[in-house]
Amino acid sequence: MANPSPSPTGQSSRVDAALLHASRNAGIAVLYQDRKLRTVWSHNLQPPWAEALEEKPGDGSLLPQQQADRLAAAKKNVIATGHPDGLEISVADSTSGMRWFEVCIDADVSDRGQIQGVVVTVIETTEQKRREQTLKALLREVSHRSKNLLAIIQSIASQTGHYSGSIDGFLERFRGRLQSIASSQDLVTSSNWRGAGFRELVVGQVGRYSIDTDNSVRFSGDDPYLNPNAALHIGLAVHELAVNSVSYGALSRADGYVEVAAARTSAGPDGVENMTVHWSEGIGPVTDSAMRKKRFGSVALERVVPTALNGSAQLDFGTDTLEYRLVMPRANFELE
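Under the working numbering, the first residue of the sequence shown is numbered 41, with each subsequent residue one higher.
Because the hints were derived from the structure by calculation, they are not lab data. Any given hint could be a false lead.
To be verified - Below, computed lysine-lysine pairings styled on DSSO-like, alpha-carbon distance capped at 30 Å:
#1 Lys-187 <-> Lys-169
#2 Lys-116 <-> Lys-187
#3 Lys-76 <-> Lys-116
#4 Lys-176 <-> Lys-187
Keep in mind that this is a model prediction, so the values were computed, not measured.
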């Protein structure tokens with residue numbers, strides 16, 4: 041490349057002008073410097089390169105000294121060897137955060153084989169870097185959540201097997217619980233992993249067993265937004281309650297209904313605000329073996345779910361009523 045210029049004459053002038061327009065539209069900056077690294081011409085330079093590469097001192101330059109030294113060393117090496125070089129530069133920007141640039145350095149060699157200077161091409165890769173970082177963060181999050189989900193499923197399988205009297209009974213109950221997890225997971229995924237609304241979650245779980253949820257579920261109190269972990273576990277609790285209700289309780293009757301409430305409670309000694317979830321329904325007379333026997337349904341409601349939420353729970357059977365209270369700390373929910 042001999043005697044480079046951004047505005048040559050003749051036929052090549054139109055071609056070079058078109059290339060310069062294309063480089064500007066593509067966000068590519070080009071700089072030519074002689075052997076002493078003095079700027080001969082530049083095209084489409086933006087801060088911090090407008091100051092740093094042209095070696096104009098000033099507080100406006102965003103290129104740190106270490107990065108500037110790396111760049112200068114790379115250019116001197118190209119002038120000394122004639123071999124092209126490249127490096128990646130990161131620059132802290134007070135307005136937009138970290139910016140990334142790919143810098144390519146090529147020697148300008150005359151017809152006699154003498155190195156006259158360097159051509160420096162700068163391409164900003166900030167958006168590409170941010171996409172890569174976002175993708176890595178998402179993959180880490182997916183891995184983390186997948187492990188959590190597998191741990192939940194493993195626990196469900198273990199507890200279901202422990203409290204099942206037969207293979208058929210195990211499969212029936214295990215499928216139901218997996219479907220409950222899947223239903224809650226769909227809500228979490230559709231919210232971009234934010235979580236799920238409490239009432240929407242309850243309607244989704246009960247709706248798998250009751251067509252008319254408008255009449256079969258009566259809500260009162262708050263409608264907290266649950267984080268992903270809380271959504272999965274509270275969904276499982278509602279599933280257990282709904283299955284029992286359809287089998288033995290209010291939802292087994294055409295006119296039956298359950299009452300579901302969520303209410304904030306004042307902060308305790310630790311200063312943490314809690315949320316109490318309350319499920320209540322009327323049930324007919326039942327035998328101990330049918331309802332009150334400690335099966336996984338009650339184990340999940342009183343141990344598995346509250347432990348996962350760092351809360352507490354109580355399941356009470358009256359003569360003709362069932363009540364379930366779950367208390368969870370503020371970390372599990374938001375109030376919109």
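inquiry  = So, against the hints stated earlier in the document, which numbers end up violated here?
reply    = 2
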